[in-house]
Amino acid sequence: MIEKGRISALQMATLLYPTIIATAILLVPAITGEYAKKDMWLSPIWASLAGLFVIFLAVKLEQRFPEQTIIQYSGTITGKLIGKLIGVLIVLYYFHATGIILLEYGNFVIGSFLPRTPLLIVIGSMVLVCGLAVRGGIEVMARTAQVLVPFVILFFTLIMILLTPELNLDNLFPVMEYGLKPSLKGAIIPASWFLQLFIIAFILPVLKKGEKIGKAGILTVITVMITLVITNLVTLLLFGVITTSFTYPVMEAARFISVADFLQHLESVVMAIWVAGTFIKVSLFYYVVVIGTAQVLHISDFRPIVLPIGLFLTVLSFWTSSSLQELEQILITSFPFYDFFVLIIIPMLLLVIAKVRKKGATKNRRNKGKVKK
Amino acid sequence: MKIRRPKPLVSKVKLKETLNPNQQEKENNEVHADNTVNANSSNKRKENGDIVSSDLSKNEEKIRSIYKNCSDVIYRTFYIGNKTKALLIYIEGLSNEQEIEESVLSPLMNERNMGTEIQSLMTKTVSAPNIKEVSTYIDCVNELSVGKTVIFVSQNSSAFSVSLTKWEKRAIEQPESESVVRGPREGFIEDITVNTSLLRRRIRSPKLKMVRYLVGKYSETSVVIAYVDGLASEDLIEEVKRRVKRIDIDGILDSGTVEEFIEDHPYSPFPQTLATERPDVVTANLLEGRVAILVEGSPFSLIAPITFYSLLQASEDYYGRFLIGTALRWLRYIFLVISLLLPSLYVAVLTFHQEMIPTSLVISIIGSREQVPFPAIVEVLIMEITFEALREAGLRLPKQVGSAVSIVGALVIGDAAVSAGIVSPPMVIVVAITGVASFTIPRYSAAIALRMLRFPIVILAGILGLLGVMLGIILIIVHLASLRSFGVPYLSPMAPMQANEMKDVLIRAPLWKLNKRPHFTGDYNEYRQAPNQKPNPSKGGDG
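Protein chains in written order, with full-length UniProt numbering: chain A, 1 to 373; chain B, 1 to 543.
No lab work stands behind these hints, which were simulated from the structure alone.
Pair by pair, the computed Cβ-Cβ distance ranges are:
{"#": "1", "chain 1": "A", "residue 1": "63", "chain 2": "B", "residue 2": "207", "range": "44 to 52 Å"}
{"#": "2", "chain 1": "B", "residue 1": "204", "chain 2": "A", "residue 2": "262", "range": "55 to 63 Å"}
{"#": "3", "chain 1": "B", "residue 1": "169", "chain 2": "A", "residue 2": "299", "range": "54 to 62 Å"}
Sample of chain A residues facing chain B (criterion: CB under 8 Å; computed from the structure):
{"#": "4", "residue": "11"}
{"#": "5", "residue": "125"}
{"#": "6", "residue": "133"}
{"#": "7", "residue": "136"}
{"#": "8", "residue": "275"}
{"#": "9", "residue": "279"}
No more than 30 Å apart at the CA atoms, straight line, and that leaves these computed lysine-lysine pairs for DSS-like:
{"#": "10", "chain 1": "B", "residue 1": "241", "chain 2": "A", "residue 2": "4"}
{"#": "11", "chain 1": "B", "residue 1": "207", "chain 2": "B", "residue 2": "503"}
{"#": "12", "chain 1": "B", "residue 1": "516", "chain 2": "B", "residue 2": "209"}
{"#": "13", "chain 1": "A", "residue 1": "84", "chain 2": "A", "residue 2": "208"}
{"#": "14", "chain 1": "A", "residue 1": "212", "chain 2": "A", "residue 2": "358"}
{"#": "15", "chain 1": "B", "residue 1": "245", "chain 2": "B", "residue 2": "166"}
{"#": "16", "chain 1": "A", "residue 1": "215", "chain 2": "A", "residue 2": "4"}
{"#": "17", "chain 1": "B", "residue 1": "207", "chain 2": "B", "residue 2": "534"}
{"#": "18", "chain 1": "B", "residue 1": "68", "chain 2": "B", "residue 2": "132"}
{"#": "19", "chain 1": "B", "residue 1": "503", "chain 2": "A", "residue 2": "208"}
{"#": "20", "chain 1": "B", "residue 1": "207", "chain 2": "B", "residue 2": "169"}
{"#": "21", "chain 1": "B", "residue 1": "516", "chain 2": "A", "residue 2": "212"}
{"#": "22", "chain 1": "A", "residue 1": "84", "chain 2": "A", "residue 2": "60"}
{"#": "23", "chain 1": "B", "residue 1": "166", "chain 2": "B", "residue 2": "217"}
{"#": "24", "chain 1": "A", "residue 1": "208", "chain 2": "A", "residue 2": "359"}
{"#": "25", "chain 1": "B", "residue 1": "132", "chain 2": "B", "residue 2": "83"}
{"#": "26", "chain 1": "B", "residue 1": "516", "chain 2": "A", "residue 2": "215"}
{"#": "27", "chain 1": "A", "residue 1": "4", "chain 2": "B", "residue 2": "245"}
{"#": "28", "chain 1": "A", "residue 1": "209", "chain 2": "B", "residue 2": "516"}
{"#": "29", "chain 1": "A", "residue 1": "215", "chain 2": "B", "residue 2": "503"}
{"#": "30", "chain 1": "A", "residue 1": "355", "chain 2": "A", "residue 2": "208"}
{"#": "31", "chain 1": "B", "residue 1": "516", "chain 2": "B", "residue 2": "534"}
{"#": "32", "chain 1": "A", "residue 1": "358", "chain 2": "A", "residue 2": "60"}
{"#": "33", "chain 1": "B", "residue 1": "68", "chain 2": "B", "residue 2": "169"}
{"#": "34", "chain 1": "A", "residue 1": "358", "chain 2": "A", "residue 2": "209"}
{"#": "35", "chain 1": "B", "residue 1": "62", "chain 2": "B", "residue 2": "166"}
{"#": "36", "chain 1": "B", "residue 1": "503", "chain 2": "A", "residue 2": "209"}
{"#": "37", "chain 1": "B", "residue 1": "169", "chain 2": "B", "residue 2": "399"}
{"#": "38", "chain 1": "B", "residue 1": "516", "chain 2": "A", "residue 2": "208"}
{"#": "39", "chain 1": "B", "residue 1": "503", "chain 2": "A", "residue 2": "212"}
Source: prediction; values computed, not measured. Beta carbons are placed, not taken as given, at the ideal position from N, Cα and C, and that holds for glycine.
Could you build all of it, start to finish, from the sequences and the hints given here?
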């Protein structure tokens with residue numbers, strides 16, 4: 001194993017929660033609103049099924065190949081050459097995904113708060129901070145998440161509570177005016193966020209022995225779903241169907257907060273808290289990129305390649321698209337299919353092939369191994 | 001009570017270990033660390049390794065040659081019972097001269113019954129409580145150097161060491177850096193035997209172990225590792241011993257020297273052991289399964305392992321009412337954040353996020369800043385650095401001058417600078433609150449680390465606004481998350497989360513609820529007290 005640290009299932013959940021939430025909370029309300037209109041708060045519930053499915057896939061594969069990541073066992077399942085190809089494909093996917101997350105982050109910060117700061121500074125500083133966390137390994141990242149996530153949740157709840165006086169229940173009705181179809185349609189794109197939970201395949205190998213993986217996975221999916229439902233509900237109740245006309249509805253919502261004429265214009269605070277979530281998201285993707293690269297190239301220690309990869313990621317984020325509009329177009333049109341192919345089709349094929357070719361440990365053999373240890 | 005010391009040895013590295021002198025046990029663990037002893041000391045070892053001769057003048061010559069040019073060594077020739085010539089040697093200022101006269105010199109000189117051999121004569125006539133026979137010159141030198149009196153008797157091939165040590169030491173006073181309103185007022189002093197006795201008086205059980213090492217090539221300083229057997233984990237004790245033994249240095253001046261050689265992350269600004277002057281704090285930590293390191297010549301003892309939160313707890317939290325203790329703890333947490341972030345938040349909000357301030361307030365701030373020629377970040381840096389300089393100046397100067405400096409400083413900063421238009425009044429308020437906030441942190445070493453870290457965050461705030469502040473906070477958290485103190489994660493029990501220990505972090509739970517000891521690594525003794533001790537009227541009374 002390259003990674004020597006071990007984390008608990010709860011720590012894994014604390015890492016995964018902001019990994020999904022960080023960008024979803026910004027973009028999902030507008031995107032779901034586009035298709036689901038007044039039923040947008042239902043969409044995350046359907047979308048969460050995709051999350052459950054990828055976690056199921058990752059756990060099944062992990063049971064066959066304990067303490068291995070997908071890069072390692074894809075070779076065992078399909079043979080050396082194809083396995084290597086799949087490994088490279090997955091690593092490149094995560095490279096690309098990290099670049100896109102960084103660009104989303106940079107564009108958001110510059111568009112909303114620091115209009116005159118160069119994009120390079122905003123992205124570069126984030127990559128540097130994340131790089132230091134990644135160098136510390138999964139344990140350091142998990143502990144940092146455990147400190148930050150409670151604050152993220154606390155502030156999120158606080159903002160939502162402070163918004164309640166502004167909410168208008170009439171915006172909610174009629175529920176399911178056109179049946180289930182609109183909300184299901186609206187679920188397609190949020191599902192690609194839930195598909196990101198497949199990143200669990202890289203964390204499962206570093207879990208402590210005997211942790212309740214399934215429970216933690218389901219807990220993550222449910223908390224993410226609840227958070228998105230609340231976000232969608234609040235933006236819907238606040239703005240009604242015009243939610244779609246904002247790029248970042250939650251930020252717009254934060255502007256509405258005004259308590260005693262003193263607590264107002266909290267969007268900067270929201271941004272600061274949101275940065276904490278993004279930090280965890282970027283670190284985890286960055287970590288997967290680093291671990292994946294190290295495993296594809298058979299490097300024995302991942303620490304020396306962290307900063308070079310960081311430099312590459314910074315540059316890559318500029319290459320992914322030239323403008324925010326283009327980026328959004330990618331995210332809405334081609335990225336769901338891209339995600340679907342890499343995060344569902346490939347693992348599913350791997351699992352089926354492993355079953356057919358009887359590769360890897362079955363449940364009984366795994367238990368035997370456990371007893372030995 | 002007889003104090004026994006291990007057989008000493010002069011070599012480049014001297015490490016000896018005995019169990020606590022209060023126990024009549026002895027454990028020798030001498031380490032000859034390396035073969036590259038320099039010529040000087042190997043010569044010394046050879047000549048000093050010699051057995052004491054029966055020729056008195058030869059002995060005297062030997063000791064005089066070892067203690068050449070040492071004017072503080074006193075030689076006194078006398079005759080036992082007016083017949084046998086003898087030589088008494090001690091170091092001035094380390095021995096009790098009056099006692100030497102009363103219990104050694106006069107009984108021996110007035111002895112009339114010279115029939116028996118010299119050993120039994122010594123036992124019979126010398127009334128000092130501790131007398132020991134030593135046979136080599138090394139032993140003699142070691143006995144002398146700790147303040148004992150050595151007697152050579154002619155025609156006798158061994159010397160006698162009499163323990164009549166006495167030297168000047170400070171009285172036990174209230175520790176200045178950790179004073180309390182309620183709680184014990186005793187503090188450690190520079191003398192290690194007094195310090196160990198302060199601990200022994202608090203934990204009488206023989207389970208309290210104190211292992212002594214001599215560290216320092218020239219200073220030969222006693223370093224005592226104290227722990228409670230059965231509470232501290234074996235691995236931890238071994239690790240602390242190993243790290244202390246590893247130190248090879250010419251002299252130990254303070255426990256800070258030891259601290260620098262045994263910590264896990266030398267480049268971190270955060271302290272990884274807790275330095276305290278209070279015996280009650282050490283006792284509490286020993287009972288929670290930690291290890292204390294006491295150093296001769298330093299009133300500060302070190303406690304390991306620690307977590308970040310132990311730096312934010314004052315001993316008084318546990319002596320007052322728990323509700324108050326909880327409130328004070330939260331006050332400290334809030335002011336910790338203020339001391340770290342207030343100046344940078346001021347810079348960030350004023351430079352990048354003016355919309356966050358209510359309109360009327362922003363108008364008055366802008367109005368007061370009208371005359372100020374600098375941007376907010378320069379103003380903050382000027383004032384914060386001046387404040388740190390004033391604090392540092394006030395700390396080093398004698399008390400009388402110190403107050404003069406603070407008056408001048410307060411006048412200059414508070415009034416003149418504002419009316420001259422160099423800084424704005426809100427800025428003065430920010431600096432003042434930050435200064436006060438940093439003094440609420442009970443541990444100086446933690447407070448100073450956070451005070452210094454606020455400067456880089458101010459600069460980040462000046463560059464990236466609130467985003468910069470957030471990145472700074474994340475960097476600090478990442479750093480704290482990667483720290484370990486003797487294998488214990490620095491941020492535990494928060495990260496990694498240990499839910500049942502959080503009640504001593506988020507709140508100060510009542511003592512009858514704290515049934516379990518904190519768990520660090522490895523095996524531990526889980527329960528510290530019986531459960532269900534919550535007092536209520538039906539349990540007490542005269543029944």
